[in-house]
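Novice: Chain residues, written in single-letter form:
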Amino acid sequence: MPLNSDKTIEGSFQLVGGNFATAGEASGELKRTLTDLGVAEEIIRRAAIATFEAEINVIIYAAAARLLYFIGPSSIRIRIEDMGPGIENIEQAMQEGYSTAPEWVREMGWGAGMGLPNMKKNSDEFNIESVVGEGTTVEMVLNIP
Amino acid sequence: MNLQDLIKDLSLEIVTCEESMNNEVTGAYVSDLLSDVMANSNVGNIWITLQTHLNIIAVADMKGLAGIIIVGNRKPAEDVIEKARAEKVTVMTTPLPAFEAAGKLYQLLDR
Ligand SMILES: Nc1ncnc2c1ncn2[C@@H]1O[C@H](COP(=O)(O)OP(=O)(O)OP(=O)(O)O)[C@@H](O)[C@H]1O
Ligand SMILES: [Mg+2]
Numbered sequence: 001m002p003l004n005s006d007k008t009i010e011g012s013f014q015l016v017g018g019n020f021a022t023a024g025e026a027s028g029e030l031k032r033t034l035t036d037l038g039v040a041e042e043i044i045r046r047a048a049i050a051t052f053e054a055e056i057n058v059i060i061y062a063a064a065a066r067l068l069y070f071i072g073p074s075s076i077r078i079r080i081e082d083m084g085p086g087i088e089n090i091e092q093a094m095q096e097g098y099s100t101a102p103e104w105v106r107e108m109g110w111g112a113g114m115g116l117p118n119m120k121k122n123s124d125e126f127n128i129e130s131v132v133g134e135g136t137t138v139e140m141v142l143n144i145p
Numbered sequence: 146m147n148l149q150d151l152i153k154d155l156s157l158e159i160v161t162c163e164e165s166m167n168n169e170v171t172g173a174y175v176s177d178l179l180s181d182v183m184a185n186s187n188v189g190n191i192w193i194t195l196q197t198h199l200n201i202i203a204v205a206d207m208k209g210l211a212g213i214i215i216v217g218n219r220k221p222a223e224d225v226i227e228k229a230r231a232e233k234v235t236v237m238t239t240p241l242p243a244f245e246a247a248g249k250l251y252q253l254l255d256r
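Top line first, the protein sequences correspond to chains A and B. Number 121 in the numbering used here belongs to position 121 of the first sequence; there are no gaps in the numbering. Number 147 in the numbering used here belongs to position 2 of the second sequence; there are no gaps in the numbering.
To be clear, the hints were calculated from the coordinates, so they are not data collected in a lab. Do not take every clue at face value.
[To be verified] Have a look at the derived ranges for each label pair, beta carbon to beta carbon:
| no. | chain 1 | residue 1 | chain 2 | residue 2 | range |
| --- | --- | --- | --- | --- | --- |
| 1 | A | Pro73 | B | Arg219 | 42 to 50 Å |
| 2 | B | Pro242 | A | Gly133 | 41 to 49 Å |
| 3 | A | Lys7 | B | Leu253 | 33 to 41 Å |
| 4 | A | Gly133 | B | Leu253 | 47 to 55 Å |
| 5 | B | Ser165 | A | Lys121 | 25 to 33 Å |
Every residue gets a Cβ at the ideal spot worked out from N, C-alpha and C, and that includes glycine.
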């Protein structure tokens, strides 16, 4: 489907906490869809990285989440709504190097405290909201010039 | 410089994607932290790591890396190899520790 049609292409995923083997399914599908649409490689890569980091955070910290993406003619919007512990201090969580990942997760090489900063860096708009005890919602927009 | 040029000096064993040995190598990145690789590696880089679990394949795929070299005689499990084949990610192993693998690779890339 040509990108210049004004139709929005949507996708949705259910993510389950703890399941590291499924990490990359949502970002992989988004990547394939964007590739089929002929979006520039650099934008695809940024979208895939941001989405993958979000998937991993759900897997590490949350019980479950819904991941939605919307591809329009001039932007890609990715929204991840999780049910989980929430984040008490978002400013602190956004700092590079801050991590509460448990030891066994760190042994896998996660827990550098770089995921949220990576998501922000790779998107043109980044928004995070969280309610402690309920969950976290991240929304990212990447412009397609 | 392509992957083929590295096999001998780094004692590489090719685990997946033999067919990509002619792919161009743009440089390398050494890290065992996956988000660090996501942030700081570049397209066409070789990634030197001791991590062997499934998520390394997605990282290499998302970043468009030339291949993964797993150091210190560690071997990826069968599910990792399968995923690497499916995503066309080149996985290699070496008996060398990370420092020696990186040192040799640095010299080769510097030529
Ligand atoms: N969805 C989430 N639910 C609850 N807490 C979260 C969530 N995402 C992030 N956090 C908190 O924010 C911290 C920083 O997250 P970030 O993704 O930047 O780093 P990390 O996951 O710890 O390490 P890395 O992403 O480098 O592997 C986490 O350690 C965790 O405390
Ligand atoms: Mg993270």
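Novice: Falls inside 47 to 55 Å, the C-beta gap from Gly133 of chain A to Leu253 of chain B?
Specialist: holds (53 Å)
Novice: Is it true that Pro242 of chain B and Gly133 of chain A lie within 41 to 49 Å of each other by Cβ?
Specialist: Roughly 45 Å apart at Cβ, these two residues keep to the hinted range, so it holds.
Novice: Given the hint of 25 to 33 Å, check if Ser165 of chain B and Lys121 of chain A actually sit that far apart at their C-beta atoms.
Specialist: Check passed, 29 Å falls within 25 to 33 Å.
Novice: Go ahead and decide if the range 42 to 50 Å is satisfied by the Cβ distance of Pro73 of chain A to Arg219 of chain B.
Specialist: Taking Cβ atoms as reference, Pro73 of chain A and Arg219 of chain B lie about 46 Å apart, which means the hint holds.
Novice: For Lys7 of chain A and Leu253 of chain B, compare the CB-CB distance with the range 33 to 41 Å and indicate the outcome.
Specialist: Hint violated: Cβ distance 49 Å, outside 33 to 41 Å.
Checked against the numbered hints given earlier, this structure breaks only hint 3.
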